[in-house]
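Novice: Work out the full structure: start from the sequences and follow the hints.
Chains F and W are the protein sequences, given in the same order. Reminder that position 346 of the first sequence reads as 345 in numbering that gives the first Met the number 0, one-by-one numbering, no gaps. Reminder that position 49 of the second sequence reads as 48 in numbering that gives the first Met the number 0, one-by-one numbering, no gaps.
Note that these hints are calculated values from the structure, not bench results. Treat the hints with care, since some could be wrong.
To be verified - Chain W regions said to be covered by chain F (calculated; three or more residues, Cβ under 8 Å): (1) 8 to 21; (2) 25 to 32; (3) 68 to 75.
Since the model is a prediction, treat every value here as computed from it, not as a measurement. Where is the CB? At the ideal position from N, CA and C, for every residue including glycine.
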Amino acid sequence: MCAELIFYSVVPSEEPGERAEIETFLLRNGLSYDEGIEIFVVGREGRKLVACGGLEQNIVKCVATDPLYRGEHLSLTIVDKVIHLAYERGHSHLFLYTRPNNIAFFAGCGFYPIVEVPGLVTLLENSPIGIRRYCDGLSKSRQPGARIGAAVLNANPFTRGHRYLIEKAAESCDWLHVFVVAEDASLFPYCDRFQLMKSGIEGIARVTLHPGSQYMISRATFSCYFFKEKNVAGDCFTAVDLLVFRQWIAPALGITHRFVGTEPFCRTTGKYNEDMKYWLQADLSAAKPVTVVEIPRIESHDRAISASEVRRLLGTNDFDRIAELVPQTTYDLLSSKYRMKAVGSHTSATA
Amino acid sequence: MKIIKDAMAGTLESSDVLVKVSPSDGPLEVVVKSEVERQFGEQIRRVVADTLARLTINEGVVIVEDKGALDCTIRARLQAAVLRGGAVEGLDWSILQ
Numbered sequence: 000m001c002a003e004l005i006f007y008s009v010v011p012s013e014e015p016g017e018r019a020e021i022e023t024f025l026l027r028n029g030l031s032y033d034e035g036i037e038i039f040v041v042g043r044e045g046r047k048l049v050a051c052g053g054l055e056q057n058i059v060k061c062v063a064t065d066p067l068y069r070g071e072h073l074s075l076t077i078v079d080k081v082i083h084l085a086y087e088r089g090h091s092h093l094f095l096y097t098r099p100n101n102i103a104f105f106a107g108c109g110f111y112p113i114v115e116v117p118g119l120v121t122l123l124e125n126s127p128i129g130i131r132r133y134c135d136g137l138s139k140s141r142q143p144g145a146r147i148g149a150a151v152l153n154a155n156p157f158t159r160g161h162r163y164l165i166e167k168a169a170e171s172c173d174w175l176h177v178f179v180v181a182e183d184a185s186l187f188p189y190c191d192r193f194q195l196m197k198s199g200i201e202g203i204a205r206v207t208l209h210p211g212s213q214y215m216i217s218r219a220t221f222s223c224y225f226f227k228e229k230n231v232a233g234d235c236f237t238a239v240d241l242l243v244f245r246q247w248i249a250p251a252l253g254i255t256h257r258f259v260g261t262e263p264f265c266r267t268t269g270k271y272n273e274d275m276k277y278w279l280q281a282d283l284s285a286a287k288p289v290t291v292v293e294i295p296r297i298e299s300h301d302r303a304i305s306a307s308e309v310r311r312l313l314g315t316n317d318f319d320r321i322a323e324l325v326p327q328t329t330y331d332l333l334s335s336k337y338r339m340k341a342v343g344s345h346t347s348a349t350a
Numbered sequence: 000m001k002i003i004k005d006a007m008a009g010t011l012e013s014s015d016v017l018v019k020v021s022p023s024d025g026p027l028e029v030v031v032k033s034e035v036e037r038q039f040g041e042q043i044r045r046v047v048a049d050t051l052a053r054l055t056i057n058e059g060v061v062i063v064e065d066k067g068a069l070d071c072t073i074r075a076r077l078q079a080a081v082l083r084g085g086a087v088e089g090l091d092w093s094i095l096q
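Specialist: Here you go:
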């Protein structure tokens, strides 16, 4: 190498010139620019951009090295810089997607595979024992029985429809494990969603409520779920999330069935349900298939009850109608904590 | 000493080692990955176990990604990661020698 290598970070939204150069560099290396990236580390030799790697919260993205500099530790160095930047920004549990043929390189950077969509993409995390430890923890909640169910709900917020789904599912199983999506990217924060779910399912027998995790319907496993309201779902990639469920979570708890509500409104969730039948049931994995059971939604005034409807009604402050769709506990919280917010829904109400 | 938050020390550069520590309720779990596993794996594990014992770390998760670091580097990186992630009061510096 002739000139000295320097590394520094770039916030693409503030530095359009750098951003354009990164975009060109990525294209030249067969990658497309990811709009979600908040910050990059770039490496330059003199003025020449020779490596980059980006971060969207705890997900490492768009790692590329100039072909002329590969095999000189530059790739390793850029990943190392990205890892340190992530820690500085408060993210220690990192995820990364890559083509399966890059697994060996990333293993050298401390990233280990969780699942592979054969021939397409592998999800890695920066721990050799991350998901294994998570599943060891889960397996302590195993219950005996031949038919063990699971449901993963965002419950944004918890409605009578969710209650119905869980009742029906629990009725047909020896035990039901329910997970609340942990990612805080919805209107209602996780702690409220969890609390409402907890009080909402009281009295239903043979159910365990689990906190969600990074390993199911999270930014890491299924990022486009959280952009569905921006309507950019397109061909959402659901395979990774569903394979993690089939290969890790289901075996840890002995899950044989996964329950979902039919989805009449949201395209992303509808596609997720459709894809679930393939990735959980088809003969494509060494892990046992999990049977998908769709439960038709209950209706109120001839319309399926949905959380998105409740959010819409909250926007217009229609609490009479909300009362018909949600249990008392949800109503009370919405009424006390979110009424003010709804009034000034587009201002920064601090109530 | 107890690990109370995620912390890291070191790098992935050749001849260095990256150490990551995080809290957990269970017993101490240590994972060592090394590029020179076959020649020095046992020795590295001894150094790691000894350093953690001196720091009285009995719980948490410690992940060591070794790139061929010398023993003194492994010790230093482990100590730094633990001190960054640990609840340290009145540290006895002599244990770090």
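Novice: Each of the hints needs a verdict: does it hold here or not?
Specialist: Structure-based check of all given hints:
1. 8 to 21: holds (count 7)
2. 25 to 32: It holds, with 3 qualifying residues against the three required.
3. 68 to 75: Coverage by chain F is violated here, the residue count being 0 at a Cβ distance below 8 Å.
Of the numbered hints given earlier, the model fails hint 3 alone.
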